[in-house]
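2 protein chains.
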Amino acid sequence: MQIIDLSYTMENNMPAWPGEESPAFEKKYAHDKDGVQVMKFSCLTHSGTHLDAPNHFFKQGKTLDQLPIEQFFGKGILLDCSMFGEKDLIPADQIKMSESKINEADFVLIYTGWDRYWGHEKYFGHFPVLSPDASKYLTRFNLKGIGLDLSSIDGIDSTDYPNHNQILGSGMIIIENLTNVHLLKNKPFNFAAFPLKIKEGDGSPVRAVAMID
Amino acid sequence: MQIIDLSYTMENNMPAWPGEESPAFEKKYAHDKDGVQVMKFSCLTHSGTHLDAPNHFFKQGKTLDQLPIEQFFGKGILLDCSMFGEKDLIPADQIKMSESKINEADFVLIYTGWDRYWGHEKYFGHFPVLSPDASKYLTRFNLKGIGLDLSSIDGIDSTDYPNHNQILGSGMIIIENLTNVHLLKNKPFNFAAFPLKIKEGDGSPVRAVAMID
Chain E
1 MQIIDLSYTM ENNMPAWPGE ESPAFEKKYA HDKDGVQVMK FSCLTHSGTH LDAPNHFFKQ
61 GKTLDQLPIE QFFGKGILLD CSMFGEKDLI PADQIKMSES KINEADFVLI YTGWDRYWGH
121 EKYFGHFPVL SPDASKYLTR FNLKGIGLDL SSIDGIDSTD YPNHNQILGS GMIIIENLTN
181 VHLLKNKPFN FAAFPLKIKE GDGSPVRAVA MID
Chain Y
1 MQIIDLSYTM ENNMPAWPGE ESPAFEKKYA HDKDGVQVMK FSCLTHSGTH LDAPNHFFKQ
61 GKTLDQLPIE QFFGKGILLD CSMFGEKDLI PADQIKMSES KINEADFVLI YTGWDRYWGH
121 EKYFGHFPVL SPDASKYLTR FNLKGIGLDL SSIDGIDSTD YPNHNQILGS GMIIIENLTN
181 VHLLKNKPFN FAAFPLKIKE GDGSPVRAVA MID
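Which chain is which? The protein sequence lines are E and Y, in order.
Residue 36 in our numbering is what sits at position 36 of the first sequence, and the numbering runs on without skipping anything.
Residue 60 in our numbering is what sits at position 60 of the second sequence, and the numbering runs on without skipping anything.
In short, the hints are calculated from the structure, not lab data.
The structure displayed is predicted, hence computed values, not measured ones.
Don't take each hint at face value.
[Stated by the list, open to error] Pairs of lysine to any residue, SDA-like flavour, derived with a Cα cap of 20 Å:
id, chain 1, residue 1, chain 2, residue 2
1, Y, K33, E, K136
2, Y, K33, E, M83
3, Y, K27, Y, W17
4, Y, K199, E, K122
5, E, K33, Y, T159
6, E, K59, Y, H182
7, E, K28, Y, K59
8, Y, K27, E, E200
9, E, K40, Y, N180
10, E, K122, E, W17
11, E, K199, Y, K62
12, E, K62, Y, K199
13, Y, K40, E, S42
14, E, K136, E, K122
15, Y, K62, E, W17
16, Y, K27, E, D32
17, Y, K199, E, S22
18, Y, K33, E, G61
19, Y, K40, E, K75
20, Y, K33, E, K122
21, Y, K27, E, G155
22, E, K40, Y, G35
23, Y, K40, E, D32
24, E, K28, Y, K27
25, E, K199, Y, D65
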């Protein structure tokens, strides 16, 4: 079995949503001084590669400690949306082409290739965005979650967040800031994103992976 | 496939190693005020259910961003050490009984049952401890890591940490503060503990799970 790491490195000054703080890491104990190393870190529940629980948008939505552990693992498929670029809305028709595959999946991963801009200002610019029709269509299936190689399932300028509302509102999870998903093209895989079990947690940084048999 | 959650809930005032701080969680954005919830949290790289990388003890040891992703997943076996109690040293002979099974495993999980004291002062008391001979014996195999339902692979009063030194020194990882491992008795399973990909990280809180086919 091959395991593909779909996660960004977490470090000081790493990219963060505009206006939000980056995670901060410091050595509480260091080898030279203490003989061991232990770090202390602080971050948001939505820093780096991370997972949104329904509670992120819905007060009555499930939190990380309420979701069953099975929610975080299952059969994935990759939908190639790499033909869409800046300011494009990904239409529902693009997703509907894969209906038979989505029917058998637990997770749909949206591949745009936008992870090539990670570390550049453009990453948080006008990336392609699922149209509200496309995300609504995805709620028809029995999916556990949607993953994307983008900083958000809604556009950078969105104020009403239709995609978050539809996907989280239907009880699914969202995994944002994935990378390396192009390595999954045309391959059957399982997707795993086990978040920290944070009490009343709305989200968690996560080490997302794909497993290819 | 059945997934077993082997991880403790992370929350304010949760149990922490004596003298060390607990993780701290606060709501940066709250539903009533902001329409969404986002938490900010701080913790040590060794808080709650967590993973030790070789770098925790060895300056030249691999960090979380250097270990291959395959290090965190593989075939597990459970070694029943629940007959040992307070202040007991678990002898190498107890482990050697399972040599043929260990030969085929990637991860050895030590089951003592001590997780029944989680949340009580006794949890960080005189729990049973692998003897240095037992941990030395485990370094003979081609294992990826050792997991335990204990707060440490060394005793609470240890000053020279023979087991950390042997296990991490041989390039393995250690997973501490597991729970629920009794559910794996006499079952074949895969073990997964994918840590946050922290730059120069010595350890990470983790959502550890077992997968039973």
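How the hints compare with the structure:
In summary, the hint linking K33 (chain Y) to K136 (chain E) is not supported, as the alpha carbons are separated by about 27 Å, beyond the 20 Å threshold. The straight-line distance between the Cα atoms of K33 (chain Y) and M83 (chain E) is roughly 39 Å, outside the 20 Å bound, and the hint therefore fails. Under the criterion of a C-alpha separation no larger than 20 Å, the hint pairing K27 (chain Y) with W17 (chain Y) is inconsistent with the structure, at around 25 Å. Taken as a hint, the K199 (chain Y) and K122 (chain E) pair is broken in the structure, with Cα atoms around 23 Å apart against an allowance of 20 Å.
Between the alpha carbons of K33 (chain E) and T159 (chain Y) the distance comes to roughly 16 Å, so the proposed pair stays at or under 20 Å and holds. Proximity of K59 (chain E) to H182 (chain Y) is assessed by CA-CA distance (about 35 Å); at most 20 Å being required, the pair is judged violated. For the hint linking K28 (chain E) to K59 (chain Y), the alpha-carbon distance of about 15 Å falls within 20 Å, and the restraint holds. The straight-line distance between the Cα atoms of K27 (chain Y) and E200 (chain E) is roughly 10 Å, inside the 20 Å bound, and the hint therefore holds.
The straight-line distance between the Cα atoms of K40 (chain E) and N180 (chain Y) is roughly 27 Å, outside the 20 Å bound, and the hint therefore fails. This hinted pair checks out: K122 (chain E) and W17 (chain E) have alpha carbons roughly 12 Å apart, not beyond 20 Å. For a cut-off of 20 Å, the pair hint linking K199 (chain E) to K62 (chain Y) is broken: about 31 Å separates their Cα positions. A threshold of 20 Å between alpha carbons decides the hint, and for K62 (chain E) with K199 (chain Y) the separation of about 31 Å lies outside it, so the pair is violated.
Distance hint between K40 (chain Y) and S42 (chain E) is fulfilled; the C-alpha atoms sit about 7 Å from each other, no more than 20 Å. For the suggested pair K136 (chain E) and K122 (chain E), the alpha carbons sit about 27 Å apart, so the restraint of at most 20 Å is broken. As the CA atoms of K62 (chain Y) and W17 (chain E) are separated by approximately 30 Å, the hinted pair breaks the 20 Å bound. Restraint check: the Cα-Cα separation between K27 (chain Y) and D32 (chain E) comes to about 36 Å, which exceeds 20 Å; the hinted pair is violated.
Note on K199 (chain Y) and S22 (chain E): the hinted pairing holds, with a Cα-Cα distance of about 14 Å set against a maximum of 20 Å. Between the alpha carbons of K33 (chain Y) and G61 (chain E) the distance comes to roughly 17 Å, so the proposed pair stays at or under 20 Å and holds. At most 20 Å may separate the alpha-carbon atoms for a hinted pair to count; K40 (chain Y) and K75 (chain E) exceed this at roughly 31 Å. In summary, the hint linking K33 (chain Y) to K122 (chain E) is not supported, as the alpha carbons are separated by about 30 Å, beyond the 20 Å threshold.
Restraint check: the Cα-Cα separation between K27 (chain Y) and G155 (chain E) comes to about 24 Å, which exceeds 20 Å; the hinted pair is violated. Distance hint between K40 (chain E) and G35 (chain Y) is unfulfilled; the C-alpha atoms sit about 30 Å from each other, more than 20 Å. Annotation: proposed proximity of K40 (chain Y) to D32 (chain E) is violated, straight-line Cα distance about 30 Å (limit 20 Å). Pair hint K28 (chain E) plus K27 (chain Y) does not hold up; C-alpha atoms about 24 Å apart against a cutoff of 20 Å.
Among the hinted pairs, K199 (chain E) with D65 (chain Y) is inconsistent with the structure: their alpha-carbon atoms are about 27 Å apart, more than 20 Å.
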